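J.: One letter stands for each residue in the lines below.
Protein chains: 2
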Amino acid sequence: MMKTVRIALDAMGGDFGPEVMLPGAAMALERGLDIAFLLFGDETLIKPYLAVHPALAAVSTLHHTNVAVRMDDKPSQALRSGRRISSMWLSIDAVKKNAADIAVSAGNTGALMAMAKTCLHTMPGVDRPAIAAIWPTIRGRTIVLDVGASIGADARHLVNLAIMGAAMARAVLDVERPTVGLLNIGSEEMKGVDDVKAASKLLREMALPHLDYVGFVEGGDIGRGTVDVVVTEGFSGNIALKTAEGTASQMGQYLREALSRDLMSKIGYFFARKGLAGLKAKMDPRNVNGGTFLGLDGVVIKSHGHSDVFGTSVAIEIAYRIARHELLGQIRGALAHSHETTSRPPDSQIAGGERPAALPKSAQLRMDS
Amino acid sequence: MMKTVRIALDAMGGDFGPEVMLPGAAMALERGLDIAFLLFGDETLIKPYLAVHPALAAVSTLHHTNVAVRMDDKPSQALRSGRRISSMWLSIDAVKKNAADIAVSAGNTGALMAMAKTCLHTMPGVDRPAIAAIWPTIRGRTIVLDVGASIGADARHLVNLAIMGAAMARAVLDVERPTVGLLNIGSEEMKGVDDVKAASKLLREMALPHLDYVGFVEGGDIGRGTVDVVVTEGFSGNIALKTAEGTASQMGQYLREALSRDLMSKIGYFFARKGLAGLKAKMDPRNVNGGTFLGLDGVVIKSHGHSDVFGTSVAIEIAYRIARHELLGQIRGALAHSHETTSRPPDSQIAGGERPAALPKSAQLRMDS
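Sequence lines, in order, name chains A and B. With the UniProt record's numbering, letter number 347 in the first sequence gets 347, and the count goes up by one each step, no holes. With the UniProt record's numbering, letter number 164 in the second sequence gets 164, and the count goes up by one each step, no holes.
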C-alpha cells in the first residue's frame, strides 16, 4: 500500500491566505487524495476553517507562527524577517527535515525561491534551481522550464533542465518516456545560440534512457503540444509564459466583445453557451495552477498569488502527484546517471589520451564533490 | 505636394511569387495609395498579371531577371547564387541606388536579411539590424523589436532599438511621442538582466525628445497594449512572437471546436456569426503582415512567405506609410541626437574630471569614427 503524502502548507501565503488555502486543501481531500497536512500559520486565523472542514482537521497538524511573509516583501527582506520563524520558511523546513514530502505556498515568488534555496540548497550536480510550469496545449499539457528562476543557461544547465522536466512529465503527465525539445528561434544559418546548440549536441550524444530528445522547437510549438517538455533558460521562458497568458486573455476579451455586441450575438451566445463553457474551462488558468521549483533537495510548489479555492486545490493535487511519483528520487537518479555518462571519458580517449599522474588536492576535491 | 512613393517589389518571393505579389500590389493601389512600383523578376511570369491589372501596369517599370532565391535557400547559398542578379538582391539594390524608397519581399527571412546587410550595410552608430513586428493589442497596435534578426543585445543596442522602434511607431501608428517599454521578467530583486537594467538607466538619463520611456514591461503587457513600443533582444522577441501566434491559433481551434460540438452550438454560431466575424478579423494575422528591417541604410519590408493577396497588400501599405513618413531620415536624426547626448561628457565631469593631454592616433580615430 502506498504511503500517505505529507504536504507542508503555508496557510498564510497569497493574496487571501487562510481564506483560500484551507478550503483549497479541503477541496483537494474531497477528490479522495490520501494526504496528511502540516499547516503553518496563525492558529487564531486557521482554527475557524478547521472547524468548518472537519475532514481537513482530521488529517492536519497545526504549527502556529504569527510571522508571515508579505506579498510585497523583497526576497532579502523576507529572509531577514522571516527566516526560521515565518509560515513560509517553516513549510519549506518541514521538507528539509523530512517531516513533509513536499511544500505548497502561494506567497511571493521571489521570497519563496530565496527561502527554498537558502533552506534546501541545490541538488548535487545542479548549480541553480528552476521553475517548471504546466502549459495547456492543443494535445494536452506540456511542461515548460525554466519560467523565471534564473537568467541565462549554459549547455549543462539546459541538459539538467531537460532531465528534471522529463522526470516531472512522467509524474504529472503520466508518460513513460517524454519527448523533449529545446526552445530556439528557427533553423536558419544566421540563427541559434551557442549554448542551446551545445546542449542539443550533448542531449543527442547522451541518448538518455528516460527522455526522447527530438531537437529544437519554436515558440509556436508550445501551444501546439509538439513535445511533452520544452526546455529554455529563465528569461525567455518567463517571457513566453507571460506572453501566452496575455494573448489568451486578449482573445478572451475579443470573444466577450464579439458575443455581446448586438442582440443576435447575445442570442448566439445563449445557444452556444454549453460549448463555450467547455472553451472557457480549457482556457482556465486555474487548471494548471502551480509552478514547481526543481533542482533543490526538496520540492516546493508555488501556487498563484491570486488563486481562489479551486486553483489552490489544483496546486495541492499537483503537489500530491509529484510526491506520490517520488519525483525527487527520480531526478536524483536521472541526474546521477547523466553525470556518469558525461564524466566517463569515451573509450578512444582512455586509449590514446593522457591523464595527469596526480591532481592537486583542490582539483580532486572539486571533481569528487 | 508629396512625392510618389517608389516601392521595389521582389515579384518572385514567397511561396506563391507573382501569383500573389502582383495582385497584392494592385490591391494596395486600389486603396488610393500614390505608389510607383519597380518590379523585379521573370517577365514571362509577371506580364500576364500586368495585363489583367492595367492600373498596376500604368505605375510600374519591369526589370527582368530569371534568378530567384528559393524559400529553402540558406543565406550563404542565396548570396552565392543570387548576389547582384536575383530579384531579391535587385529589389534591395534599387533602394541602395536611390531608385526606390523602400523594398518589399516575401522571400525567406534569412536570405533577405543576409542580402540586405550585404547590400545596404548598417547605419552609422548601429552595429546590427533588427526586425520590427506590428503586434495587434487590446488597445490597438504595438511595435515589438527585435523579433529575431540577432541574438543578445548590450545596453547601447537596446537603446538603438528603442529609438528605431519609436520612429517606426510615429510612422505606422501615428503617435507623436510613443511610449516605450523594455521587456523584462518582473521587478523582483533576484530578477533582471544586466544589459536590460543598464539600458533602462541610459534611457532615463538620456530623456530623449522623441520617445517616452516608461520602464520595464512584462510579456503580458504586449497584448495589453501597455506601451506603443516594446524593446527586447532578438531571441526572446522571436520566442514571444511565435508563442503569441501559437496561443492565438490554439484559442482559435478551441473556439471552432466549441462552436461545432453539437446542434445547439452550431445554432449559436449561426446567430453570433457577425460578431464572430469581427473577432476573426481582429485575430487575422494578415492585418499586421510585414516585418520591418531597421538599422540598415535603407528599409526592407519582409512580407510573410505564406501571405495571400490581401496580406501582401497590407505589407505594401506598411511600406508605403514608412516611406511616406521618411522613417529612415527620422531614425538617422534621432540616432545622431542620441549619440551627441551620450558622447558629450556631463558638465560635472568636465569641471572635475581629468582628460589625457593627448590620445594615441588610433584611439582618436576610433572615437571619431
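Just so you know, these hints were derived from the structure itself, not from any lab. In this text the structure is predicted, and so the values were computed from the model without any measurement. Heads up, some of the hints might be wrong.
One copy or any two copies: either way a pair holds, since identical chains are not told apart in the list.
Stated by the list, open to error - Listed below are the simulated EDC-like cross-link pairs for lysine to aspartate or glutamate, each with C-alpha atoms no more than 16 Å apart in a straight line:
{"#": "1", "residue 1": "K201", "residue 2": "D212"}
{"#": "2", "residue 1": "K280", "residue 2": "E257"}
{"#": "3", "residue 1": "K266", "residue 2": "D195"}
{"#": "4", "residue 1": "K201", "residue 2": "E326"}
{"#": "5", "residue 1": "K274", "residue 2": "D297"}
J.: If any of the earlier hints don't hold here, list their numbers in rising order.
T.: Of the numbered hints given earlier, those the structure breaks are 3, 4 and 5, listed in rising order.
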